[in-house]
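Student: Dock chain P with the ligands against the given chain G, drawing on the hints supplied.
Sequence lines, in order, name chains G and P.
According to this note's numbering, the first sequence is numbered sequentially starting from 1.
According to this note's numbering, the second sequence is numbered sequentially starting from 1.
Please note that a few of the clues may not be correct.
Listing some non-contacts, in silico: residues in chain P with all C-beta distances to chain G over 12 Å [unchecked claim]: (1) 2; (2) 5; (3) 11; (4) 32; (5) 44; (6) 77; (7) 88; (8) 115; (9) 118; (10) 137; (11) 153.
Listed next, with one range per pair, are the computed distances between beta-carbon atoms [said to hold, decoys possible]: (12) P:43 <-> G:223: 52 to 62 Å; (13) G:576 <-> P:20: 20 to 30 Å; (14) G:66 <-> P:15: 44 to 54 Å; (15) G:625 <-> P:121: 21 to 31 Å.
By construction, these hints were calculated from the structure, which means they are not laboratory data.
Cβ coordinates follow ideal geometry from the N, Cα and C atoms, glycine included.
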Amino acid sequence: MGEAKTAMVHRPLPHDSAAAHVTGEAVYVDDMPEPAGTLEIFLARAPVAHAAIEALDLEPVRDHPGVACVLAAGDIPGINDISPTHKGDEPVFARDRILFWGQPLFAVAAERLATARQAAERARIEMKPLPAVLSIEEARRRGDLVTEGLVLERGDLREGLRRAPRRLRGSMGIGGQDHFYLEGQVALALPGENGEMRVWSSTQHPSEVQQMVARVLGVAAHKVTVTVRRMGGGFGGKETQASQFACIAALVAARTGRPAKLRLDRDEDMILTGKRHDFLVDYEIGFDGDGRIRAVKMELAARCGFSADLSGPVTDRALFHADNCYFYPAVRLESFPCRTNTVSNTAFRGFGGPQGMLAAERVIEEVAFATGLDPLEVRRRNFYRRGGRDRTPYHMRVEEELFAELVETLAAEAGYEERREAVRAFNRDNRWCRKGLALTPVKFGIAFTATWYNQAGALLHIYRDGSVQLNHGGTEMGQGLHIKILQVVAEELALPIERIAIAATSTGRVPNTSATAASSGSDLNGMAALDAARTLKRRLIAHIASRWQVPAESIVWGGGRIRAGDRETSFEELVEDAYLARVPLSATGFYRTPKIHWDRRRGRGRPFLYFACGAAMSEVIVDTLTGEYRVERVDILHDVGDSLNPAIDLGQIEGGFVQGMGWLTTEELWWDGEGRLRTHAPSTYKIPACGDRPRVMNIRMLEGRPNREDTIHRSKAVGEPPLMLAISVLHALSDAVASIADHRVCPRLDPPATPERVLAAIERLRRSALQTAAE
Amino acid sequence: MPTVTMTVNGKQVSGEVEPRTLLVEFLREGLGLTGTHVGCDTSQCGCCVVHVDGRSVKACTMLAVQAEGAEVTTIEGLAADGSLHPLQQAFHENHGLQCGFCTPGMIMSSLELLQRNPDPSEAEVREWLEGNLCRCTGYHNIVKSVLAAAAAMRGAARAAE
Ligand code: FES
Ligand code: FES
Numbered sequence: 001m002g003e004a005k006t007a008m009v010h011r012p013l014p015h016d017s018a019a020a021h022v023t024g025e026a027v028y029v030d031d032m033p034e035p036a037g038t039l040e041i042f043l044a045r046a047p048v049a050h051a052a053i054e055a056l057d058l059e060p061v062r063d064h065p066g067v068a069c070v071l072a073a074g075d076i077p078g079i080n081d082i083s084p085t086h087k088g089d090e091p092v093f094a095r096d097r098i099l100f101w102g103q104p105l106f107a108v109a110a111e112r113l114a115t116a117r118q119a120a121e122r123a124r125i126e127m128k129p130l131p132a133v134l135s136i137e138e139a140r141r142r143g144d145l146v147t148e149g150l151v152l153e154r155g156d157l158r159e160g161l162r163r164a165p166r167r168l169r170g171s172m173g174i175g176g177q178d179h180f181y182l183e184g185q186v187a188l189a190l191p192g193e194n195g196e197m198r199v200w201s202s203t204q205h206p207s208e209v210q211q212m213v214a215r216v217l218g219v220a221a222h223k224v225t226v227t228v229r230r231m232g233g234g235f236g237g238k239e240t241q242a243s244q245f246a247c248i249a250a251l252v253a254a255r256t257g258r259p260a261k262l263r264l265d266r267d268e269d270m271i272l273t274g275k276r277h278d279f280l281v282d283y284e285i286g287f288d289g290d291g292r293i294r295a296v297k298m299e300l301a302a303r304c305g306f307s308a309d310l311s312g313p314v315t316d317r318a319l320f321h322a323d324n325c326y327f328y329p330a331v332r333l334e335s336f337p338c339r340t341n342t343v344s345n346t347a348f349r350g351f352g353g354p355q356g357m358l359a360a361e362r363v364i365e366e367v368a369f370a371t372g373l374d375p376l377e378v379r380r381r382n383f384y385r386r387g388g389r390d391r392t393p394y395h396m397r398v399e400e401e402l403f404a405e406l407v408e409t410l411a412a413e414a415g416y417e418e419r420r421e422a423v424r425a426f427n428r429d430n431r432w433c434r435k436g437l438a439l440t441p442v443k444f445g446i447a448f449t450a451t452w453y454n455q456a457g458a459l460l461h462i463y464r465d466g467s468v469q470l471n472h473g474g475t476e477m478g479q480g481l482h483i484k485i486l487q488v489v490a491e492e493l494a495l496p497i498e499r500i501a502i503a504a505t506s507t508g509r510v511p512n513t514s515a516t517a518a519s520s521g522s523d524l525n526g527m528a529a530l531d532a533a534r535t536l537k538r539r540l541i542a543h544i545a546s547r548w549q550v551p552a553e554s555i556v557w558g559g560g561r562i563r564a565g566d567r568e569t570s571f572e573e574l575v576e577d578a579y580l581a582r583v584p585l586s587a588t589g590f591y592r593t594p595k596i597h598w599d600r601r602r603g604r605g606r607p608f609l610y611f612a613c614g615a616a617m618s619e620v621i622v623d624t625l626t627g628e629y630r631v632e633r634v635d636i637l638h639d640v641g642d643s644l645n646p647a648i649d650l651g652q653i654e655g656g657f658v659q660g661m662g663w664l665t666t667e668e669l670w671w672d673g674e675g676r677l678r679t680h681a682p683s684t685y686k687i688p689a690c691g692d693r694p695r696v697m698n699i700r701m702l703e704g705r706p707n708r709e710d711t712i713h714r715s716k717a718v719g720e721p722p723l724m725l726a727i728s729v730l731h732a733l734s735d736a737v738a739s740i741a742d743h744r745v746c747p748r749l750d751p752p753a754t755p756e757r758v759l760a761a762i763e764r765l766r767r768s769a770l771q772t773a774a775e
Numbered sequence: 001m002p003t004v005t006m007t008v009n010g011k012q013v014s015g016e017v018e019p020r021t022l023l024v025e026f027l028r029e030g031l032g033l034t035g036t037h038v039g040c041d042t043s044q045c046g047c048c049v050v051h052v053d054g055r056s057v058k059a060c061t062m063l064a065v066q067a068e069g070a071e072v073t074t075i076e077g078l079a080a081d082g083s084l085h086p087l088q089q090a091f092h093e094n095h096g097l098q099c100g101f102c103t104p105g106m107i108m109s110s111l112e113l114l115q116r117n118p119d120p121s122e123a124e125v126r127e128w129l130e131g132n133l134c135r136c137t138g139y140h141n142i143v144k145s146v147l148a149a150a151a152a153m154r155g156a157a158r159a160a161e
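Here chain G stands alone, though its shape is the one from the complex (with noise of 0.2 Å):
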């Protein structure tokens, strides 16, 4: 069979509603038309961090003029807990113990919001408080873990460590991130006949909820169809957490035979939903004077929250990137998944991912300090290199160094040289205004380490009219998901875009989905939806061959036309001459990632497909009076393989980068001593606004670098990684402040490096700066 590529593929086309979204015609979930007759709900919350609950009477609720219905725990026909993995310690509503400052107790719904509002407050509520735990540390001292850890080992560690010539131990802090996806969690329900529900849900894993909503109403998951058009952002703050929500509404739902709505308002939002895990990381390491790593010892502890959900493979995952790019020669890692009375931590781009890096990038900084040598010159003694020096912790080969030619290209194309050389003048010049330059790496696996998670699957129809609708698991954020897969399936069935539509992502069409995250989208999808548009074309094919009697070897298809020899068609005439034939028009499509495999109990495998890559160089100006910086240049070299859509994958690129930014630097979640989270709005958790991007921000793609795995054409997963190039903007800071005291210290700047924080480290180096003086 020959090939006329229409090339839809590799080209910078616009997301896939960009049409839409401008002219505000695009519909989230709250956009849609309400039924008639729509109860909205109220979610009351829990005052306190830790209680029992002694007595809960809601009769006044109920009571309350305009309330249609009031659920509390005792109140559902199925099963109390949304756990993902089904560890039974999540509840929909708190059962006999309140476990988190603002959990949900019960639920109100009334034809308005404030009626129902207004009726939550007249609940009584007996409590009996109990002694809450609201810190890593004081989690750790109780040895409570949501969860088993994990333990990661190779080499011999205590040898490695008593043979080094030199050791040192320290800690690092790591805050957490709330995800801020501008459009909240909601989910509205509409009841059907013989016990149906449907939910439209803002959710990035709807086959979950389907799951959660079936177990909670009591029935069976053929009984539940979710559908999702598209989320106003996800981030991973909607791969569990949308469940609670959906399940309230398909409650209120079932249980009054009207269609429910619940939206949360953005402080709800953030006081009721994970966020990513802060961590308190200990390490100690063994190296040499020449900067070379021995051993290293760290232990990962994570604030989970109050229950599980995600933080097992979340915790799993910090470990699998606390080497980022660097060869540790004897090593044990371990993690901490810590139960705090606090909100359930979850995913968050990178999942675990960004915070082991930055414990990787914190033993590489202490190293440059202890041996007096440039971190960039310590990052690339301790590469990861083939024969001898390529295995991971989790004793997977490293097969390819792509880093390593990141970081070269990127130090010589961004002159790093001459910049570190005039950063450093400028600081003998300046006494209060200091600069800072880093240049860091990024190697990120990419596959869920749950092995199963690594399936997709795709529906294609064929109309009779020739137009054609795709179905597929995955669902689209933002990301640009959508269009990708609409130019794999364009280019495999050589049509233009127009003529393929892609219909809402629903439990109904493509079952037992993976939730879209762990940057996969595309690749699991992609491979999918090609797999069923390979069989309707091989159908095809197969049927204008036998109509033609000839060859199937000899047709020619491309831009619309099918031939042989002389013979032609289009694809219109083909397709009805086909349906008439009785030949089938709709296939669907499965892809399952080869290679993979991960033994957790053991430590060992090859729990990812392939590594993507990137280097970030940052430049800073901190006015050390204040601790208030500006990025001032920021250089990226980032990997996609041959990118599907170039356009989408640098939008990930750049977005990617500026939300890590803001996580290490003016993202800051603050809970009071009683538990209460105090940073609940854009008010006082400082996302990045539109001046906070760098003065200067230069992005170039790898080009001509194929993925050298088989994937989707031999494109790489970019969802994820960008994120930890901001970490070059933490190191950055870092050199500034470490000028104060001469380089001689190494400053552990802790993020988030709000200016308060980069303040008291400039203060701590000044100090212990004098007090060498005096000694």
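Tutor: Below, chain P with the ligands without anything else, positioned relative to chain G:
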């Protein structure tokens, strides 16, 4: 309940509202104009920006009754006779959006900037858009879109002279 009357996207509308009904509620729920989004409910994110008598306003911060008699323009009213406004065109072409939730507010805010200053610098665009949050794009393509729209509008204005 009081009745409000205003002109929305060129059409006169009126409706009964509670005194405390917000303009954004009236537009979304009363008129079904859901292109105006609500991102924070507390006048910080800029998702809900519309124009009231030619000025950009956060519609979650204004009562519907305060817009009595006013001329209101929402994102739905921006495209004249089916052709996109240069700002809409520019956001489309320059990939000025990802999830799109911030987009209508970004466009409506930028519109006032370009009405006041047809040739803003990049820094002026950045400063103007401080009150509009975007969690997806990192703002680069948004600023690029606004600058491209400004250039296109200046070109069109010159051609008209
Ligand atoms: S909803 Fe109006 S500013 Fe955020
Ligand atoms: S595009 Fe998603 S918030 Fe701006």
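Student: Against this structure, judge whether each hint is valid.
Tutor: Okay, the hints, checked on the actual structure:
1. 2: 17 Å, holds
2. 5: 23 Å, holds
3. 11: Holds, because the least Cβ-Cβ distance between residue 11 of chain P and chain G comes to about 16 Å, which exceeds 12 Å.
4. 32: Non-interface label fails for residue 32 of chain P: nearest chain G Cβ at 7 Å, not farther than 12 Å.
5. 44: Contrary to the label, residue 44 of chain P does not stay out of reach of chain G, its closest Cβ about 4 Å off (not over 12 Å).
6. 77: Residue 77 of chain P is in fact no farther than 12 Å from some Cβ atom of chain G, at 9 Å.
7. 88: 4 Å, violated
8. 115: 18 Å, holds
9. 118: The claim stands: residue 118 of chain P keeps its Cβ more than 12 Å from every Cβ of chain G (closest is about 20 Å).
10. 137: Given a closest Cβ separation of 5 Å, the condition is violated.
11. 153: Non-interface label on residue 153 of chain P holds, nearest chain G Cβ at 15 Å vs cutoff 12 Å.
12. P:43 <-> G:223: 52 to 62 Å: The hint (52 to 62 Å, Cβ to Cβ) is violated, given that residue 43 of chain P and residue 223 of chain G are roughly 42 Å apart.
13. G:576 <-> P:20: 20 to 30 Å: 59 Å Cβ-Cβ, so the 20 to 30 Å window is violated.
14. G:66 <-> P:15: 44 to 54 Å: This hint is violated: roughly 21 Å between Cβ atoms.
15. G:625 <-> P:121: 21 to 31 Å: Between residue 625 of chain G and residue 121 of chain P, where Cβ atoms are some 29 Å apart, the hint holds.
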